[in-house]
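> What follows is each chain in one-letter form.
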Amino acid sequence: MAFEGLSERLQAVMKKLRGKGKVTEADVKEAMREVRLALLEADVNFKVVKSFVDRVKERAIGQEVLKSLTPGQQVIKVVNEELTQLMGGEQSKLAQAGRPPTKIMMVGLQGAGKTTTSGKLARYLMKQNRRTLLVAGDVYRPAAIRQLEVLGKDLNAPVFSLGDKESPVRIAREGVEKAKQDGFDYVIIDTAGRLHIDEAMMDELKQIRDTVEPDEILLVVDAMTGQDAVNVAESFNRELGLTGVVLTKLDGDTRGGAALSVKAVTNCPIKFVGLGEKTDALEPFYPDRMASRILGMGDVLSLIEKA
Amino acid sequence: SKTSSTFVGAVNDLFKGRSKIDEDLYEELEEILIGADVGVKTTMELVERLRAEVKERKIKDPAELQPLLSEMIGEMLAGNEERNKLNINEDGLTVILFVGVNGVGKTTTIGKLAHRFKSEGKKVVLAAGDTFRAGAIEQLETWGKRVGVDVIKHQAGADPAAVIYDGIQAAKSRKADILLCDTAGRLQNKVNLMEELKKIHRVAQREVPGAPHEVLIVLDATTGQNALVQAQQFGEAVNVSGIVLTKLDGTAKGGIVIAISHELGLPVKLVGLGEKADDLQEFDSAQFLHALFKDAIEEEEAEAAEK
Ligand SMILES: Nc1nc2c(ncn2[C@@H]2O[C@H](COP(=O)(O)OP(=O)(O)OP(=O)(O)O)[C@@H](O)[C@H]2O)c(=O)[nH]1
Ligand SMILES: Nc1nc2c(ncn2[C@@H]2O[C@H](COP(=O)(O)OP(=O)(O)OP(=O)(O)O)[C@@H](O)[C@H]2O)c(=O)[nH]1
Ligand SMILES: [Mg+2]
Ligand SMILES: [Mg+2]
Numbered sequence: 003m004a005f006e007g008l009s010e011r012l013q014a015v016m017k018k019l020r021g022k023g024k025v026t027e028a029d030v031k032e033a034m035r036e037v038r039l040a041l042l043e044a045d046v047n048f049k050v051v052k053s054f055v056d057r058v059k060e061r062a063i064g065q066e067v068l069k070s071l072t073p074g075q076q077v078i079k080v081v082n083e084e085l086t087q088l089m090g091g092e093q094s095k096l097a098q099a100g101r102p103p104t105k106i107m108m109v110g111l112q113g114a115g116k117t118t119t120s121g122k123l124a125r126y127l128m129k130q131n132r133r134t135l136l137v138a139g140d141v142y143r144p145a146a147i148r149q150l151e152v153l154g155k156d157l158n159a160p161v162f163s164l165g166d167k168e169s170p171v172r173i174a175r176e177g178v179e180k181a182k183q184d185g186f187d188y189v190i191i192d193t194a195g196r197l198h199i200d201e202a203m204m205d206e207l208k209q210i211r212d213t214v215e216p217d218e219i220l221l222v223v224d225a226m227t228g229q230d231a232v233n234v235a236e237s238f239n240r241e242l243g244l245t246g247v248v249l250t251k252l253d254g255d256t257r258g259g260a261a262l263s264v265k266a267v268t269n270c271p272i273k274f275v276g277l278g279e280k281t282d283a284l285e286p287f288y289p290d291r292m293a294s295r296i297l298g299m300g301d302v303l304s305l306i307e308k309a
Numbered sequence: 588s589k590t591s592s593t594f595v596g597a598v599n600d601l602f603k604g605r606s607k608i609d610e611d612l613y614e615e616l617e618e619i620l621i622g623a624d625v626g627v628k629t630t631m632e633l634v635e636r637l638r639a640e641v642k643e644r645k646i647k648d649p650a651e652l653q654p655l656l657s658e659m660i661g662e663m664l665a666g667n668e669e670r671n672k673l674n675i676n677e678d679g680l681t682v683i684l685f686v687g688v689n690g691v692g693k694t695t696t697i698g699k700l701a702h703r704f705k706s707e708g709k710k711v712v713l714a715a716g717d718t719f720r721a722g723a724i725e726q727l728e729t730w731g732k733r734v735g736v737d738v739i740k741h742q743a744g745a746d747p748a749a750v751i752y753d754g755i756q757a758a759k760s761r762k763a764d765i766l767l768c769d770t771a772g773r774l775q776n777k778v779n780l781m782e783e784l785k786k787i788h789r790v791a792q793r794e795v796p797g798a799p800h801e802v803l804i805v806l807d808a809t810t811g812q813n814a815l816v817q818a819q820q821f822g823e824a825v826n827v828s829g830i831v832l833t834k835l836d837g838t839a840k841g842g843i844v845i846a847i848s849h850e851l852g853l854p855v856k857l858v859g860l861g862e863k864a865d866d867l868q869e870f871d872s873a874q875f876l877h878a879l880f881k882d883a884i885e886e887e888e889a890e891a892a893e894k
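Chain order of the listed sequences is V and B.
Each position in the first sequence, counted from 1, maps to that position plus 2 in the working numbering.
Each position in the second sequence, counted from 1, maps to that position plus 587 in the working numbering.
It cannot be assumed that every hint is accurate.
[Said to hold, decoys possible] Just so you have them, the derived chain V footprint on chain B, three or more residues with Cβ under 8 Å:
(1) 665-673
(2) 838-847
[Unchecked claim] Calculated cross-link-like contacts (lysine to any residue; reagent style SDA-like; alpha-carbon spacing at most 20 Å):
(3) B:Lys863 / V:Leu284
(4) B:Lys856 / B:Glu887
(5) B:Lys863 / V:Ala202
(6) V:Lys49 / B:Glu614
(7) B:Lys777 / V:Ser169
(8) B:Lys628 / V:Leu284
(9) V:Lys52 / B:Val627
(10) B:Lys777 / V:Gly278
(11) B:Lys777 / V:Leu39
(12) V:Lys95 / V:Met128
(13) B:Lys777 / V:Leu284
(14) V:Lys280 / B:Gly744
(15) V:Lys167 / B:Lys732
(16) B:Lys628 / V:Leu39
(17) V:Lys52 / B:Asp836
(18) V:Lys52 / B:Glu610
(19) B:Lys863 / V:Glu206
(20) B:Lys709 / B:Glu801
(21) B:Lys863 / V:Gly278
(22) V:Lys167 / B:Lys863
(23) B:Lys628 / V:Lys167
(24) V:Lys49 / B:Met781
(25) V:Lys49 / B:Asp836
(26) B:Lys628 / V:Glu10
(27) V:Lys24 / V:Ser70
(28) V:Lys49 / B:Glu887
(29) B:Lys628 / V:Glu32
(30) B:Lys863 / V:Glu36
(31) V:Lys49 / B:Lys709
(32) B:Lys863 / V:Glu6
(33) B:Lys732 / V:Arg143
(34) V:Lys49 / B:Asp611
(35) V:Lys280 / B:Met781
(36) V:Lys52 / B:Leu612
Hints are computed from structural coordinates only; laboratory data are not their basis.
Beta carbons are placed, not taken as given, at the ideal position from N, Cα and C, and that holds for glycine.
Based on the sequences and whatever the hints tell you, model everything.
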């Protein structure tokens with residue numbers, strides 16, 4: 003499972019601290035050196051790591067912490083709080099428009115999982131009895147429309163397409179129009195994968211956004227992404243104004259540092275995670291639970307809370 | 588030789604403006620390397636070795652670091668002009684198997700490579716061994732049409748090993764020179780899917796002496812440290828012979844291939860630089876190295892210009 007390697011490393015550091023009756027500034031610094039390495043090895047962006055470690059150090063070396071009765075545990079508590087903060091605090095739900103349909107636009111790099119996630123979201127919404135229309139807005143990738151159609155057929159979700167000869171802007175506009183007319187609750191627009199530095203292609207997304215005024219613009223990010231995750235997320239956010247992130251391929255064994263980086267630079271909540279190739283493999287994301295799971299301290303925390 | 592001198596020259600600008608070798612400089616170097624996904628371990632190793640050399644040879648001038656560093660990274664990259672070339676069976680059918688995790692660019696690379704072989708006058712056949720992902724067969728067929736080569740396929744859901752078997756028989760009877768085998772993306776921690784891949788590999792081995800002549804693992808340059816685990820696990824399953832590094836047209840550097848190449852002795856054979864048929868190139872280590880440091884050099888130049 004993703005995050006496992008990171009979890010092991012961090013827990014080892016925390017374990018050392020926990021046992022200590024007395025914690026010195028040097029102990030904290032040593033622990034933070036190890037935390038830094040653990041985060042870097044998990045692909046958390048080095049700038050994000052730097053500010054995280056600095057923040058924890060500043061708070062943890064504060065007098066109340068080191069002079070408290072349980073200094074080790076207090077330091078752990080600081081790490082946990084900061085990690086939860088880094089992951090985004092509380093769970094954040096999918097938008098719902100005042101007047102349907104709620105419009106969701108999927109964006110991201112090539113191969114991140116946009117089309118698959120579109121299918122998964124449709125299934126997720128349909129399970130809650132929301133009528134959902136999928137819109138095939140990728141006219142570039144070979145057989146992208148076909149891919150969405152196959153997914154839609156399996157789910158019994160209708161797919162709106164104008165083939166691959168029309169502009170994605172027109173497809174999006176007419177797709178949303180259709181959703182309005184036919185009384186759909188949600189409309190999900192799949193778009194072609196693109197590089198964040200491809201100006202023409204980023205422009206196209208802006209045009210789609212300005213035309214359909216989506217309620218959600220979800221950046222789909224591969225959980226295995228390395229240091230570049232921040233550049234990608236920053237650019238997409240700057241150009242489009244993201245409302246949320248979907249982290250895919252978390253069924254792998256990546257340490258998943260991209261999750262932390264992306265949240266840190268965009269301040270956008272991670273709303274869902276993808277945990278497999280099938281359309282049922284989508285789950286809402288709970289940052290607080292994930293943070294305590296990474297630190298492996300659900301129980302420990304409640305103890306500290308009581309102390 | 589000519590290549591090695593351009594290779595050494597690749598990072599020549601990085602420390603040009605520096606007057607001395609100090610901690611700041613090492614730290615910046617560390618950040619550049621980690622930021623390029625080279626990884627903590629390999630970065631530390633490189634910087635340690637650099638420090639040792641500086642001490643031993645009493646190097647004072649930062650400019651002398653550049654050739655040293657280039658050489659060290661060059662040594663780690665397992666390839667050379669000979670090994671970077673695809674292994675082609677000159678007197679019969681060459682079978683190339685493509686493997687890797689989801690969405691990295693396997694199918695697209697096959698399309699590009701088919702295009703290249705075709706324009707060299709070779710007869711190429713493609714086998715649609717991804718029978719799982721929605722629209723995967725149609726995607727390969729579209730590539731087949733686009734570049735004008737035959738595609739052997741079964742229906743969605745069919746046994747991929749059977750498709751490869753048929754692909755081999757068809758390639759033989761059509762007297763093809765090259766058979767490119769697509770496989771479904773799979774995460775390396777999925778045991779049953781890795782078993783399926785072994786079966787495909789066995790079929791190729793059994794049906795053509797010396798096949799598969801290449802087993803190429805396709806790695807997405809955007810991927811972080813997990814790429815090393817991918818290369819290890821796929822290598823254990825199907826004896827990977829080389830790397831295709833895709834999506835280098837983005838801002839990610841793909842630095843993890845240094846560790847992969849170093850630790851597993853795998854050469855990088857091809858790089859992907861876009862989504863079109865001719866966006867495929869041989870791996871050029873000098874170019875790769877230059878790109879690794881490019882942003883840092885540009886940043887320095889911009890800073891220098893401001894002063
Ligand atoms: N294991 C796993 N695979 C996934 C997940 N999400 C998507 N995939 C796979 O990742 C690959 C790429 O997914 P797509 O949905 O085609 O990605 P995309 O972003 O639409 O790609 P482009 O349209 O080419 O940019 C496919 O093989 C999917 O099956 C996930 O959560 N887990
Ligand atoms: N920018 C860029 N995009 C690429 C490159 N190679 C592939 N892609 C894109 O990445 C996406 C995924 O490529 P595929 O060839 O479908 O990847 P795959 O490994 O076959 O994916 P699955 O079969 O789903 O596992 C597509 O949108 C491709 O157009 C590249 O070198 N540069
Ligand atoms: Mg897609
Ligand atoms: Mg494929």
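> Does each hint hold? Answer for all of them.
Verification of the supplied hints:
no.: 1; hint: 665-673; in the structure: violated (count 0)
no.: 2; hint: 838-847; in the structure: holds (count 4)
no.: 3; hint: B:Lys863 / V:Leu284; in the structure: violated, 32 Å
no.: 4; hint: B:Lys856 / B:Glu887; in the structure: violated, 32 Å
no.: 5; hint: B:Lys863 / V:Ala202; in the structure: holds, 16 Å
no.: 6; hint: V:Lys49 / B:Glu614; in the structure: holds, 13 Å
no.: 7; hint: B:Lys777 / V:Ser169; in the structure: violated, 39 Å
no.: 8; hint: B:Lys628 / V:Leu284; in the structure: violated, 34 Å
no.: 9; hint: V:Lys52 / B:Val627; in the structure: holds, 14 Å
no.: 10; hint: B:Lys777 / V:Gly278; in the structure: holds, 10 Å
no.: 11; hint: B:Lys777 / V:Leu39; in the structure: violated, 28 Å
no.: 12; hint: V:Lys95 / V:Met128; in the structure: holds, 16 Å
no.: 13; hint: B:Lys777 / V:Leu284; in the structure: holds, 18 Å
no.: 14; hint: V:Lys280 / B:Gly744; in the structure: holds, 13 Å
no.: 15; hint: V:Lys167 / B:Lys732; in the structure: holds, 17 Å
no.: 16; hint: B:Lys628 / V:Leu39; in the structure: holds, 10 Å
no.: 17; hint: V:Lys52 / B:Asp836; in the structure: violated, 28 Å
no.: 18; hint: V:Lys52 / B:Glu610; in the structure: holds, 17 Å
no.: 19; hint: B:Lys863 / V:Glu206; in the structure: holds, 19 Å
no.: 20; hint: B:Lys709 / B:Glu801; in the structure: holds, 17 Å
no.: 21; hint: B:Lys863 / V:Gly278; in the structure: violated, 28 Å
no.: 22; hint: V:Lys167 / B:Lys863; in the structure: holds, 18 Å
no.: 23; hint: B:Lys628 / V:Lys167; in the structure: violated, 49 Å
no.: 24; hint: V:Lys49 / B:Met781; in the structure: violated, 36 Å
no.: 25; hint: V:Lys49 / B:Asp836; in the structure: violated, 23 Å
no.: 26; hint: B:Lys628 / V:Glu10; in the structure: holds, 18 Å
no.: 27; hint: V:Lys24 / V:Ser70; in the structure: holds, 9 Å
no.: 28; hint: V:Lys49 / B:Glu887; in the structure: holds, 18 Å
no.: 29; hint: B:Lys628 / V:Glu32; in the structure: holds, 18 Å
no.: 30; hint: B:Lys863 / V:Glu36; in the structure: violated, 44 Å
no.: 31; hint: V:Lys49 / B:Lys709; in the structure: violated, 49 Å
no.: 32; hint: B:Lys863 / V:Glu6; in the structure: violated, 37 Å
no.: 33; hint: B:Lys732 / V:Arg143; in the structure: holds, 14 Å
no.: 34; hint: V:Lys49 / B:Asp611; in the structure: holds, 16 Å
no.: 35; hint: V:Lys280 / B:Met781; in the structure: holds, 17 Å
no.: 36; hint: V:Lys52 / B:Leu612; in the structure: holds, 17 Å
Of the numbered hints given earlier, the model fails hints 1, 3, 4, 7, 8, 11, 17, 21, 23, 24, 25, 30, 31, 32; all others are met.
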